[in-house]
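Visitor: These are the residues of each chain, in order.
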Amino acid sequence: MRRLRGYTKAAIVLLVLAALFIVVIASRQTFGEDNALGRAAGKIIAAVQAPPSYAGRFLSEKFERLIEAESLANENEKLREQIRTLENELIRNKLSAAELEELKKLSEALEYADLSEKYSSVTADVVALDSSNGFNIFTINAGTDRGVSVDSVIISGDGLVGRVMSAGADWAKVISIIDESNRVGFQVFRDTSWLGVCSGDGDALKGYMLDGDALVMEGDRLITSGIGGVYPEGIPVGKVTKVEWTHESPLKTIEIEPYADFNNIRRVTALT
Amino acid sequence: MKYRYAFLIFFAAFTLQSTLIRYIAVRNVAPNLLLCLVAVFSFLYEDYYGMIMGVIFGIIWDLSLGLYAGVTSVAFLAAALTASFLKRYWNHEHALPAFFASLLGTAAYVLVFWLIYKLAGVPHSAIYILKRQPVFFAYNAIFSIVFHWIFARSVIRHRMDKRYKGVFEPAKNFRL
Numbered sequence: 001m002r003r004l005r006g007y008t009k010a011a012i013v014l015l016v017l018a019a020l021f022i023v024v025i026a027s028r029q030t031f032g033e034d035n036a037l038g039r040a041a042g043k044i045i046a047a048v049q050a051p052p053s054y055a056g057r058f059l060s061e062k063f064e065r066l067i068e069a070e071s072l073a074n075e076n077e078k079l080r081e082q083i084r085t086l087e088n089e090l091i092r093n094k095l096s097a098a099e100l101e102e103l104k105k106l107s108e109a110l111e112y113a114d115l116s117e118k119y120s121s122v123t124a125d126v127v128a129l130d131s132s133n134g135f136n137i138f139t140i141n142a143g144t145d146r147g148v149s150v151d152s153v154i155i156s157g158d159g160l161v162g163r164v165m166s167a168g169a170d171w172a173k174v175i176s177i178i179d180e181s182n183r184v185g186f187q188v189f190r191d192t193s194w195l196g197v198c199s200g201d202g203d204a205l206k207g208y209m210l211d212g213d214a215l216v217m218e219g220d221r222l223i224t225s226g227i228g229g230v231y232p233e234g235i236p237v238g239k240v241t242k243v244e245w246t247h248e249s250p251l252k253t254i255e256i257e258p259y260a261d262f263n264n265i266r267r268v269t270a271l272t
Numbered sequence: 001m002k003y004r005y006a007f008l009i010f011f012a013a014f015t016l017q018s019t020l021i022r023y024i025a026v027r028n029v030a031p032n033l034l035l036c037l038v039a040v041f042s043f044l045y046e047d048y049y050g051m052i053m054g055v056i057f058g059i060i061w062d063l064s065l066g067l068y069a070g071v072t073s074v075a076f077l078a079a080a081l082t083a084s085f086l087k088r089y090w091n092h093e094h095a096l097p098a099f100f101a102s103l104l105g106t107a108a109y110v111l112v113f114w115l116i117y118k119l120a121g122v123p124h125s126a127i128y129i130l131k132r133q134p135v136f137f138a139y140n141a142i143f144s145i146v147f148h149w150i151f152a153r154s155v156i157r158h159r160m161d162k163r164y165k166g167v168f169e170p171a172k173n174f175r176l
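As they're listed, the protein sequences go chains C and U.
Under our numbering, residue 272 is the last one in the first sequence; the count climbs by one each step, no gaps.
Under our numbering, residue 176 is the last one in the second sequence; the count climbs by one each step, no gaps.
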């Protein structure tokens with residue numbers, strides 16, 4: 001009888017495993033498609049996670065304030081806002097000054113436009129984030145109701161964050177640029193003719209220059225190149241921290257520190 | 001322990017995992033509280049709290065933050081089966097076997113998790129996966145020990161008893 005009971009337990013475990021594998025296969029086949037189960041689950045989960053997320057944000061903000069003096073924090077925030085504005089202005093000016101003539105000629109072919117002209121923006125809060133598995137995915141509380149859709153670009157005040165990989169009515173799952181599956185075409189801000197491609201490294205970015213003669217160096221700032229079609233041109237990506245070049249490889253590889261702080265990301269903007 | 005209490009504990013871990021745990025991440029690697037609970041509950045209890053809650057919360061986790069639904073459930077099930085198997089041979093009351101059981105449970109989880117995702121065709125490289133693991137294993141082991149210390153109280157009736165602690169003291173009124 002005991003032996004039979006042991007077989008029953010094993011049979012139940014096998015049945016559960018089989019059912020789970022069917023779920024995995026079905027999920028893979030319908031990945032990215034809008035379905036009722038996904039919508040309902042996403043809605044419930046977003047609602048459940050919102051209060052602890054706000055609580056966490058509240059606590060972490062209080063904690064930060066305790067560490068730093070409140071006035072310093074406020075002043076710092078103001079200065080950072082100024083830097084962001086100036087950097088964005090600088091990027092726009094640089095792009096327009098250096099490439100105005102070229103862009104005029106190519107505008108029809110490339111459909112080039114300023115981000116604010118071409119995209120409208122939706123601000124959203126990060127309600128859930130996973131740092132335990134290898135995937136760098138987080139959930140935001142804005143979805144198709146507000147115009148966020150698959151491949152919408154997500155930015156923060158600091159720079160590029162990622163892109164939407166699936167979306168429901170009032171939620172969206174975002175895969176960040178530090179995930180290895182996410183590739184971003186970039187250009188060096190100092191000379192926008194130097195192009196490259198980078199991908200996530202778990203906590204930073206690694207990439208290579210398309211032109212081996214590009215004189216990229218540590219400290220160079222990188223912005224999106226617009227190549228690839230997902231990320232529009234001109235969004236700050238990060239700063240070069242290491243440049244490597246060997247005779248064996250024709251490509252110059254670089255390490256990049258992203259501008260966005262992925263452990264402390266709270267509010268983002270979706271370009272729709 | 002009743003299943004509803006186990007559900008509440010897992011639910012609390014789930015909300016913490018998806019919200020606050022990122023603040024203690026090292027190089028963007030945080031512990032997996034749900035995995036620690038699955039391993040500890042499977043190692044500690046005779047009932048199937050770890051397995052059942054692992055499957056339920058694995059599905060919820062995947063719908064919330066995963067690529068494909070079901071993968072985390074299968075990986076949690078692997079961790080729970082590993083810990084349950086080790087319970088047969090190791091003393092589940094002590095922290096040291098619990099520590100090794102959590103490490104092996106984490107290993108089973110990572111192996112199954114990435115095996116399924118690689119079969120499903122994710123582009124992540126072996127180096128990318130492996131370089132996260134030392135921090136992940138260390139973090140999980142620490143949290144598993146803490147969870148074992150907390151939940152072992154309900155399993156071990158007289159853990160503060162000196163005989164349980166291994167202190168030998170002859171009986172006072174012993175006569176030949």
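Treat the hints as calculated values from the structure; they're not laboratory data.
Given the structure is predicted, the values throughout are model-derived calculations rather than measurements.
Check each hint, because a few of them may be wrong.
[As the list claims (entries may be wrong)] Partial pick of chain U residues on the chain C-facing surface, computed with a CB cut under 10 Å: (1) 8; (2) 9; (3) 22; (4) 23; (5) 25; (6) 58; (7) 59; (8) 61; (9) 69; (10) 73; (11) 111; (12) 113; (13) 116; (14) 122; (15) 131.
Even glycine gets a Cβ: it sits at the ideal position worked out from N, Cα and C.
Visitor: All the hints need checking, so say for each whether the structure fits it.
Guide: Tested hints:
{"no.": "1", "hint": "8", "result": "13 Å, violated"}
{"no.": "2", "hint": "9", "result": "15 Å, violated"}
{"no.": "3", "hint": "22", "result": "5 Å, holds"}
{"no.": "4", "hint": "23", "result": "6 Å, holds"}
{"no.": "5", "hint": "25", "result": "4 Å, holds"}
{"no.": "6", "hint": "58", "result": "8 Å, holds"}
{"no.": "7", "hint": "59", "result": "7 Å, holds"}
{"no.": "8", "hint": "61", "result": "8 Å, holds"}
{"no.": "9", "hint": "69", "result": "4 Å, holds"}
{"no.": "10", "hint": "73", "result": "5 Å, holds"}
{"no.": "11", "hint": "111", "result": "13 Å, violated"}
{"no.": "12", "hint": "113", "result": "7 Å, holds"}
{"no.": "13", "hint": "116", "result": "6 Å, holds"}
{"no.": "14", "hint": "122", "result": "6 Å, holds"}
{"no.": "15", "hint": "131", "result": "7 Å, holds"}
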